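> Here the protein sequences line up with chains A and B, keeping their order. Reminder that position 140 of the first sequence reads as 140 in this note's numbering, one-by-one numbering, no gaps. Just so we're on the same page, this note's numbering is the position in the second sequence counted from 1, plus 1000.
It is possible that some hints are incorrect.
Claimed, not checked - Calculated Cβ distances over 12 Å to all of chain A for the following chain B residues:
1) L1047
2) V1078
3) V1122
4) E1123
5) W1222
What the hints assert, rightly or not - Now the stretches of chain B that chain A is said to cover, found in silico as 3 or more residues with beta-carbon under 8 Å:
6) 1090–1096
7) 1144–1150
Hints in this document: simulated from the structure, not taken from any laboratory. As the structure is a computational prediction, the values presented were derived from the model and not from experiment. In this text, a Cβ means the ideal position worked out from N, Cα and C, and glycines have one as well.
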Amino acid sequence: MASIRFAGVRVAYPGAARPAVDGVTLAIPSACLAVLLGPSGCGKTTLLRTINRLQPIDGGRIEIDGRDTAGLDPIALRRRIGYVIQAVGLFPHLTVAQNVAVVPNLLGWDSQRVSERVDTLLAQVSLDPQSFRDRYPSQLSGGQQQRVGIARALAAEPSILLMDEPFGSVDAIVRASLQKETLALQRRTGATILFVTHDVEEALSLADMLVVMRDGHFEQTGTPAEILTHPATPFVAELVDADDALRRLSVITLGELTASAARGTPLPEEPGTIPALDAGVSLRAALAVMLETGAPRVRVMHDGREAAVLDLDTLRNAVRR
Amino acid sequence: MRWRVRRTPTANGGLLQQALSYALLHRAELLAQTRTHVELAFGALALAIVLAYPLGVWISGRRRISAAALGTASALRVVPSLGILALLLPVLGVGTPPSLVALVILALPPILVNVDAGYRGVEPAALDAAAAMGMTRWQLFLYVQTPLALPVFLTGVRGAVVEVVASATLAAFIGGGGLGETIITGMQVDNQAQLLVGGLLVALLALSAELLIVLIERSIPWRRMRHS
Ligand SMILES: Nc1ncnc2c1ncn2[C@@H]1O[C@H](COP(=O)(O)OP(=O)(O)OP(=O)(O)O)[C@@H](O)[C@H]1O
Ligand SMILES: [Mg+2]
């Protein structure tokens, strides 16, 4: 459980024409998965590194759980913040298990507990402990190294997790499964995650809170749906491709739409012929089902019971701006 | 006209036989010389490591100083061993101390250069990750930088060890003892067998020392990184 608050945070590298981070303010609530999205060089990594004080700030303040980090011991602070660095940065001289065990060892856990924790974590990132524990990083693929990097960041059960383009060097399939694992992990541990990417699809599918960054400042902050449906500036609209109707459909779930819309009227047809979809499914997926089956409407199921019926017109209205 | 080098079995056997009997006859003396030789060489190596290691670590983090130090070190390498001895003679006189100093001067450059390169070459991402995990500077040095610099350091030691064992022969010129004594007197009295024994023993020492370091290097599991 940890909330993060930036208040007017500024970082100016010596000799740079303009600050890399230029007075940003943002509150990230506890257990939130916030995604920093922005083009290369806009200051994402720099901002991330201010949180665990790897990067000193030249102005403003950063609070964790309401406490100014400037007053905290940086070493202790870093040990309770997991950080998946952009370059993975596994220790080449340590085995996978030893890499994952670094922070628990620094914290002085007993070896039995460390070893159990390592196996649990490796399993969680879909690496078989038996076959991966004793390998060296040079004996792993890029994607496997990234998984180990994630396991290592999670090792001491941090309440804050900073992830800097953690899935940079993996193919689309592995990427999707790692994204799923990240979401599951976040729901399970309740960690506050700050996730950096310049992949729009990834940002939209992961974010509770999406922060669009440009040239050191925040261009817009909101849920993916808010940002896609109401982009604040032309830059945001272009970056997230807000004109793409399918993309807008992809960030709204059936549940979100039917909660606001009126309940569907009872239908004359046999319920069995109408596809039933869970409320957590996106409008885009629902549309795909309608196109595939030819069904003009779908039933929206909530906890196994029909909550609403949705037709193409409702979908069309939802996507219209 | 046909030229022919006469190498009759008896002549060869003769030299080897003479060498063998020389070795047997002088085995106590040879043993003592070998011992002095090893002590000189490894004493110099140890001293050079003690001096060059901390210096190398220190300069590895300072670009300008490092350039100056490495320049000096490579200049030192150019001075022939015999020259160093000649220069030291008026200052330190004869015996073990000047021999040791000369050998230390020989061993310093390769070790210094490689310690510097080793620490400088540690992957920045690994350092970054270590800092992010809350390692103190000392833990970073001990658990990350030093093991990663180790293979490069050992390569430097390997270079130094061969040089020092070979050059320790020259210590005999200034009364420092060692297997050089056998070789020098062998040259003076023109005794081929004696020269052969001395030369072989020095070569054997140098080779075994190098082999020892190679074995240590091989035992490091992370010595060769596959770049993926
Ligand atoms: N150590 C540094 N010294 C000077 N300038 C730096 C340093 N690190 C980054 N910068 C500059 O600060 C700006 C922001 O860099 P940063 O690494 O935060 O960008 P980023 O958004 O993470 O980019 P990317 O998506 O490419 O990783 C860039 O213009 C970069 O050149
Ligand atoms: Mg970056």
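> Compare the structure with the hints numbered earlier in the document and write down the numbers of the violated ones, lowest to highest.
Those not satisfied are hints 3, 4, 5 and 6.
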